[in-house]
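Chemist: So the number in the working numbering is just where the residue sits in the sequence shown, counting from 1, plus 19.
Don't read these hints as lab results, they were simulated from the structure. Check the hints yourself; a few may be wrong.
What follows is a list of derived Cβ distance ranges for each label pair [as the list claims (entries may be wrong)]: (1) 67 with 92: 48 to 58 Å; (2) 100 with 58: 14 to 24 Å; (3) 79 with 51: 19 to 29 Å; (4) 62 with 40: 25 to 35 Å; (5) 99 with 39: 27 to 37 Å; (6) 58 with 36: 35 to 45 Å; (7) 46 with 95: 24 to 34 Å; (8) 90 with 35: 33 to 43 Å; (9) 68 with 48: 42 to 52 Å; (10) 98 with 58: 38 to 48 Å; (11) 66 with 90: 24 to 34 Å; (12) 65 with 36: 18 to 28 Å; (13) 43 with 101: 33 to 43 Å; (14) 56 with 90: 12 to 22 Å.
Everything numeric in this text was worked out from a predicted model, so none of it was measured. By construction, the Cβ of each residue, glycine as well, lies at the ideal position given by its N, Cα and C atoms.
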Amino acid sequence: MASLDLPINYDSHQDEYTPYTIKTKDKLVKYWTSTLSILDAFWKLWKEEYLISLRERTQRELTSPRIVEKRIPHENEIVLLNEPEVPRGVGN
Numbered sequence: 020m021a022s023l024d025l026p027i028n029y030d031s032h033q034d035e036y037t038p039y040t041i042k043t044k045d046k047l048v049k050y051w052t053s054t055l056s057i058l059d060a061f062w063k064l065w066k067e068e069y070l071i072s073l074r075e076r077t078q079r080e081l082t083s084p085r086i087v088e089k090r091i092p093h094e095n096e097i098v099l100l101n102e103p104e105v106p107r108g109v110g111n
């Protein structure tokens, strides 16, 4: 399984979250690039591992016959779409 390698700084004396102050444009760009890299890694894990394991678990637990009725989703139902051409964060 892959790891996101998120930097975690924990200070037990700190009671509330205070965001890190970025003082230069270069540091901001570096921080932004790092954040996008972590987000892309999370998205890849989500798509390639979590959703596949969810599908496999559902198939294992499926007790009905292999042939099931195909139907059109009804209004207000939630459905998952696999659209590999669509980039992360873009959805309908």
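Chemist: For every hint, state whether the structure bears it out.
Modeler: Hints, verified against the model:
1. For residue 67 and residue 92, the Cβ-Cβ distance of about 25 Å falls outside the hinted range of 48 to 58 Å, so the restraint is violated.
2. At about 20 Å, the beta-carbon gap between residue 100 and residue 58 stays in the expected band of 14 to 24 Å.
3. The beta-carbon spacing between residue 79 and residue 51, approximately 41 Å, falls outside the hinted interval of 19 to 29 Å.
4. Checked against the hint of 25 to 35 Å, the C-beta distance between residue 62 and residue 40 comes to roughly 28 Å, which is consistent with it.
5. Take residue 99 and residue 39: their Cβ atoms lie about 35 Å apart, and the range 27 to 37 Å holds.
6. At roughly 19 Å, the beta-carbon separation of residue 58 and residue 36 lies outside the given 35 to 45 Å, and the hint is violated.
7. Residue 46 and residue 95 have their C-beta atoms about 46 Å apart, which leaves the hinted 24 to 34 Å range violated.
8. The beta-carbon spacing between residue 90 and residue 35, approximately 50 Å, falls outside the hinted interval of 33 to 43 Å.
9. A hinted range of 42 to 52 Å for the beta carbons of residue 68 and residue 48 is inconsistent with their spacing of about 30 Å.
10. For the pair residue 98 and residue 58, the supplied restraint of 38 to 48 Å is violated, since their beta-carbon distance comes to about 24 Å.
11. Between residue 66 and residue 90 the C-beta distance comes to about 26 Å, which sits within the given range of 24 to 34 Å.
12. Range check, residue 65 to residue 36: about 25 Å between beta-carbon atoms, so the 18 to 28 Å window is met.
13. Range check, residue 43 to residue 101: about 41 Å between beta-carbon atoms, so the 33 to 43 Å window is met.
14. Under the hint 12 to 22 Å, the C-beta atoms of residue 56 and residue 90, about 41 Å apart, miss the expected range.
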